[in-house]
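Colleague: Chains as they are written, first to last, in numbering that gives the first Met the number 0: chain A, 0 to 400; chain B, 0 to 328.
Hints listed in this document are in silico derivations from the structure and should not be mistaken for laboratory results. Hints are supplied without guarantee of correctness; some may be wrong.
Claimed, not checked - Pair ranges (Cβ atoms, derived): (1) I308/A to G40/B: 27 to 33 angstroms; (2) S159/B to I308/A: 46 to 52 angstroms; (3) R21/A to G207/B: 42 to 48 angstroms; (4) R21/A to H160/B: 40 to 46 angstroms; (5) T20/A to T130/B: 42 to 48 angstroms; (6) L311/A to G161/B: 43 to 49 angstroms; (7) A4/A to H160/B: 29 to 35 angstroms; (8) R21/A to A96/B: 19 to 25 angstroms; (9) R383/A to G161/B: 53 to 59 angstroms.
The C-beta atom is built at its ideal place from N, Cα and C for all residues, glycine as well.
Letter by letter, the chains look like this.
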Amino acid sequence: MNSQALIRAIATREFLARIRTRVFTITTILMVAGIGAYILLQAYVFNTSAASLEVGFVGAAQSISAPVRAEAAGFGETINVHPYASLAVGTTDLQSGTIDALVSGSGATTTMTVQSKADSILQTVLNDTAREQVLTQYLTQHSLPPGDVENQLNFSIHEHELTPVNAARIEQIVIGLLVAGTLYTTMIIYGQLVAAGVVEEKSNRIVEILLAAVRPWQLMLGKIIGIGLVALVQVVLIATVALVLASATKLVSTPTLGIDVVISGVVWFILGYLIYALLFAAAGSMVSRQEDATSVAMPVIFVLVATWIIALTVAAPDPGSTATTVFSFIPVMSPVIMPVRIAAGVAPFWQVAISVVLALATVYVFAAIAGRIYRNSVLRVGGRVKFSDALGLAPSGDKPV
Amino acid sequence: MTSYCRREHTRRQPGLWRFLGGPIGEDNAVLGLSHVTKRYGQLEAVRDLSFTVRPREIFGFVGANGAGKTTAMRVVLGVLEADSGSVIWDGVPITFAVRRRIGYIPEDRGLYPKMKVQAQLEYFGQLHGLTRKAAREASTAWLERLGLADRAKSQLQSLSHGNQQRVQLAAALVFSPDLLVLDEPFAGLDPVAVDAMTDVLRGEADAGRPVVLSSHQLDIVERICDRVGIINHGQMIASGTVDELTARGPVRYWVDAPGAVAGWYVGVPGTMLVEQDGSRWLLQFDDGADEQALLRIALATGPVLEFRRDRPALTQLFRDVMSGKAIDE
Chain A
0 MNSQALIRAI
10 ATREFLARIR
20 TRVFTITTIL
30 MVAGIGAYIL
40 LQAYVFNTSA
50 ASLEVGFVGA
60 AQSISAPVRA
70 EAAGFGETIN
80 VHPYASLAVG
90 TTDLQSGTID
100 ALVSGSGATT
110 TMTVQSKADS
120 ILQTVLNDTA
130 REQVLTQYLT
140 QHSLPPGDVE
150 NQLNFSIHEH
160 ELTPVNAARI
170 EQIVIGLLVA
180 GTLYTTMIIY
190 GQLVAAGVVE
200 EKSNRIVEIL
210 LAAVRPWQLM
220 LGKIIGIGLV
230 ALVQVVLIAT
240 VALVLASATK
250 LVSTPTLGID
260 VVISGVVWFI
270 LGYLIYALLF
280 AAAGSMVSRQ
290 EDATSVAMPV
300 IFVLVATWII
310 ALTVAAPDPG
320 STATTVFSFI
330 PVMSPVIMPV
340 RIAAGVAPFW
350 QVAISVVLAL
360 ATVYVFAAIA
370 GRIYRNSVLR
380 VGGRVKFSDA
390 LGLAPSGDKP
400 V
Chain B
0 MTSYCRREHT
10 RRQPGLWRFL
20 GGPIGEDNAV
30 LGLSHVTKRY
40 GQLEAVRDLS
50 FTVRPREIFG
60 FVGANGAGKT
70 TAMRVVLGVL
80 EADSGSVIWD
90 GVPITFAVRR
100 RIGYIPEDRG
110 LYPKMKVQAQ
120 LEYFGQLHGL
130 TRKAAREAST
140 AWLERLGLAD
150 RAKSQLQSLS
160 HGNQQRVQLA
170 AALVFSPDLL
180 VLDEPFAGLD
190 PVAVDAMTDV
200 LRGEADAGRP
210 VVLSSHQLDI
220 VERICDRVGI
230 INHGQMIASG
240 TVDELTARGP
250 VRYWVDAPGA
260 VAGWYVGVPG
270 TMLVEQDGSR
280 WLLQFDDGAD
290 EQALLRIALA
300 TGPVLEFRRD
310 RPALTQLFRD
320 VMSGKAIDE
């Protein structure tokens, strides 16, 4: 049996053993719910543009229903007009919730009745319309053609922004953080799962039987690939939910969420996961008990958490800054930082390419080091394996051939 | 996918065997350890250890805790690297490809607790080179044979200790290994389970797959092993068939002669009394003593109800070895 088939068998077992667990189901649901809640919060709490308003117009007020409706549309608000012959019927409907607001009277006596709080756009539009009604009457009485006056007033002041606010920028930060956050969370969870999986095989001694059949590096690689595929399934599930929700709530427009952002997210996930999974596997092989796994993996976790903090505090607020650019080249950080820059549209292709090459080189170097540590440590049961022994610097025969 | 089919045991006859003193011909050894030494720091776990295992043979390793049995087995498997010496398979130094054809039960049992029994066996079959289909068929057959067919879909951890041991055995057998290396396979098994396991092992050995096992249960070793090696402080102190080993002590005879009186045996030179139990006498011979002469004298005292060579049980022999009494080679 060739290496590929062996690694496939090992990876398949890891994948099936983990994807069927309750932990996978629960973490997936929690992450999907978390991302979903974040998007909905963005869409409905911070973004106050409501759907359509049901507005009743009583008697004379019906004459302004068309201009109100037209002007509200200009503000992006849809108004459905409900004509009423009597105030009583309208009030009953307002009380029952069939309509959101009831407009009665005309001119200066125009009255808006609402349940508790008036919609601000409707309020503005009604004020404007009523004033215009009064003004038109006044102008007509004084023999001034209202059309002429209106033409005189038909202008807007000139606006000049010294630092224009890019509307798309908030979207970009949201997308960048969603991508980086998903990558960070997945790497830290699945990296630690790799460490735990290595320790598990060591602590229940199955590794001795496994190594009678396969080479240590095959076992390590199979485990990393199998767990990585589980992570990938989760990432894809989360990304799909996020994309569907975000576009359904119109939180982000399609151009920002281009296919390039999605593809780069997947590429960076693979690179980042490999970098960290190798480190976690090496760390896990050095201890024999689950309770020691976290302490031996602490330096790795520390780097990952530091990267996330940088993503939140440095990269997201200013994706184009020099600091962010520098961090996006450091291989252990680039998988989280670079996606933020890519989403913000400030990463030139050549920079991304260099960063990918650096990350690939790091994967290669880490694979060699982790493979060595794993081979030297995985059969040593007992206390924590010394780092020098794990690297094979100290002479020792206690390792597999 | 290359699959390792059952190999024909075509014997090579290289010079190494002559060096090892291994026999040539049908009884040619298939596995040999040659002057293997393994140190852990200052401790010499195994020192200059040599032994051979032949086809269709069950070889039993006995020795006190820490004698070096497990280390020797791990060296055979290649999970440990020897500091010096070599492991020989079919006349040439063993390779990883051959090692993958060894069925192994380590001292510390190891299987995935939460994995289903049959899936687990299929996995080990695949790791040892079976196709998925072949692994499925083989695992089904072994579960059937070991009486675990109804537990195929159970998680391993839900099985009793004895049944988990059976699964462990099945995991070592599922890919039809060329050699079985079993560290303490009978530990913690009840007599019925021991019988079931010994039946399987005998069948495997008879089918040409030699078995190397270690055990503290010397009565079982005595019963099922064709040859035994006694290891102490990392060195092989004695090896051979059970009969050969037990014949190595002083020559003693039990004589049951109701008519005999004290000192009846003094007529045979070199004879001395070890023990008397009623009419039964245990007599020890010096070299060259004549047991037929003793029998004639015994018959002269009247009826002789028993006249039999006393062979110490392996347990006794083992205790003698451990207490430092030299075995007469």
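Colleague: For this structure, which hints from the list above don't hold up?
Modeller: Numbers 1, 4, 5, 6, 8, 9, in rising order.
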